[in-house]
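Since the structure of chain A is provided, determine the placement of chain B on it from the hints.
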Amino acid sequence: MATDSPYLLITVFLVAAAGFALAPLAMAFAWARLFSPQKSGPEKNAVYECGLQSRGDAWVRFRSEYYLYGIIFLIFDVETIFLLPFAVAFTGLPVGAFLAMIVFLLLLVEGLVWAWRKGILTWA
Amino acid sequence: MDEGLRNELSKQGVFTTKLTDLYNWGRKNSVWPLQFGLACCAIEMIAASMARYDLARFGAEVFRPSPRQADLMIVAGTVTKKMAPQVVRLYNQMPEPKYVIAMGACAISGGPFKQGYNVLKGVDRFIPVDIHIPGCPPRPEALIHAFMLLQQKIAAQTFTGAGRPRFLDPAGPSEFPVPEFGAHDLVPPNNPAIWRAPKVQRAES
Chain A
266 MATDSPYLLI
276 TVFLVAAAGF
286 ALAPLAMAFA
296 WARLFSPQKS
306 GPEKNAVYEC
316 GLQSRGDAWV
326 RFRSEYYLYG
336 IIFLIFDVET
346 IFLLPFAVAF
356 TGLPVGAFLA
366 MIVFLLLLVE
376 GLVWAWRKGI
386 LTWA
Chain B
2 MDEGLRNELS
12 KQGVFTTKLT
22 DLYNWGRKNS
32 VWPLQFGLAC
42 CAIEMIAASM
52 ARYDLARFGA
62 EVFRPSPRQA
72 DLMIVAGTVT
82 KKMAPQVVRL
92 YNQMPEPKYV
102 IAMGACAISG
112 GPFKQGYNVL
122 KGVDRFIPVD
132 IHIPGCPPRP
142 EALIHAFMLL
152 QQKIAAQTFT
162 GAGRPRFLDP
172 AGPSEFPVPE
182 FGAHDLVPPN
192 NPAIWRAPKV
202 QRAES
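Protein chains in written order, with the working numbering: chain A, 266 to 389; chain B, 2 to 206.
So here's chain B without its partners, still in its complex pose:
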């Protein structure tokens, strides 16, 4: 719809919108996070949902204890290799459309435990992450910022075309392979369909 015509109509008191915008508006203002925390970032997540920071202003106060009722997974904390299969399985059990916020240094890269033998070096090796928040732990404001970014991302989604989200694409995967806790590492160590090892480029000297 032409923007000028839209402005003209709104001056006359006629509100116009697109079905896509209406649908996305409804979805982005009612995101239900999964109620689970893995480490100290979860304390900040709890603080963000409580009265002082009040995540309820963004429609995300309904923390669901069941993955079948949640559509946002906030990976709040260190993902150990022992815990990674459970995290991926919970993600698989959430209904589409679903989103992931990787909260804190541990969830995005392993953080201070990156060199440890039993810490997953970023949850994006197994599940597709929408928003990464750095910080150790990130403050509640950072989580709220991530949440607003996620809302912008949801608002920009389209129903059709090449850039449509996974849940509208019949070819998109319904579940992501759950790794197994092996003798030395997770088997497989990552999901090559969504993650590739970053290529180290050294400057010529």
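So that you can see chain A by itself, here it is in the shape it has in the complex:
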């Protein structure tokens, strides 16, 4: 059978994929609306599930400092991935590779010193 359009197959796939994604959601929604026993109350609908009384709103602002802190953490987290093979292969490394690695480390340390002096690491 010759297909009229090469896009027909893609369209069929797209519709099937959307169906796979939407059908469980629709079933869960229908089950919740039709069959699940609804007994809601102020505590069941509280912002936070906790034995203590929830206070305030779920929509709170994070300080932008948090993201700087997070980025610095991420950089040094990734650095450890390079540090381990560096340490394992340390004795067999040529001078060029050793220098390249040291430059890489010093660059990161310089960034840390910069952030430190900026006062980002002090959690106010």
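Quick caveat, the hints were computed from the structure, so don't treat them as lab data.
Glycine residues also receive a C-beta, built at the ideal position from the N, C-alpha and C atoms.
Some clues are possibly wrong.
Simulated pairs of lysine-lysine, DSS-like, Cα-Cα distance not exceeding 25 Å [unchecked claim]:
#1 B:Lys115 - B:Lys82
#2 B:Lys122 - B:Lys12
#3 B:Lys83 - B:Lys122
#4 B:Lys115 - B:Lys19
#5 B:Lys83 - A:Lys309
#6 B:Lys82 - A:Lys309
#7 B:Lys82 - B:Lys200
#8 B:Lys154 - A:Lys304
#9 B:Lys82 - B:Lys122
One side of the interface only, derived from the structure: several residues of chain B facing chain A at Cβ under 8 Å [said to hold, decoys possible]:
#10 Arg90
#11 Glu97
#12 Asn192
Chain B only, in chain A's frame:
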């Protein structure tokens, strides 16, 4: 359905069931306990869920750290008056249908601390308890037994009629009042809708 006809059909390889039974079968084999322990009974609860006693055989190995995902509260340990409001609040936050196992002497009556000034004399003063297990602490086998009793209780539940569970009864309460930690005692000291002081009857002498 007639039992004889059912037997006859099952001999022919036709499996029949009721919607109620199917629903209850699904629910009783997938009870998710709330992951919280109050005292030493919790150690036995942990032992029951681990490989040696293996609560997973009964479909209850998924201990949920959030009350919104749990449907069984195992009150494992001493409920102090300071802790009671938190226990009731956690129970309120669990979605229906939900069940409570009061595990150990402390949870069912205050146990060895019954005469103490700061121990709740039974968690059933504030939340409806389905199964009580005595013991100090109860062994994991006792918890498994309580769990099997709970499964029997779930399997016997009906959708309609006067004996239907709370979650199918629109008039049933959705939340239970949370007591406050007062100056001398919890305020109120119990929930009169579900608990009444046992009447002491003395023999005539």
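Hint-by-hint comparison with the structure:
1. B:Lys115 - B:Lys82: 12 Å, holds
2. B:Lys122 - B:Lys12: 53 Å, violated
3. B:Lys83 - B:Lys122: 13 Å, holds
4. B:Lys115 - B:Lys19: Given pair Lys115 of chain B, Lys19 of chain B is violated - Cα atoms ~46 Å apart, limit 25 Å.
5. B:Lys83 - A:Lys309: 21 Å, holds
6. B:Lys82 - A:Lys309: Within the cut-off at roughly 22 Å; holds.
7. B:Lys82 - B:Lys200: Distance of about 23 Å is within 25 Å: holds.
8. B:Lys154 - A:Lys304: 21 Å, holds
9. B:Lys82 - B:Lys122: Between Lys82 of chain B and Lys122 of chain B the Cα gap is close to 9 Å, so the pair holds against 25 Å.
10. Arg90: Interface hint status for Arg90 of chain B: holds (5 Å vs cutoff 8 Å).
11. Glu97: OK, holds: Glu97 of chain B within 8 Å of chain A, min 5 Å.
12. Asn192: Violated - the Cβ of Asn192 of chain B stays beyond 8 Å from chain A, reaching only about 15 Å at its closest.
Consistency note: the structure conflicts with the earlier hints numbered 2, 4, 12.
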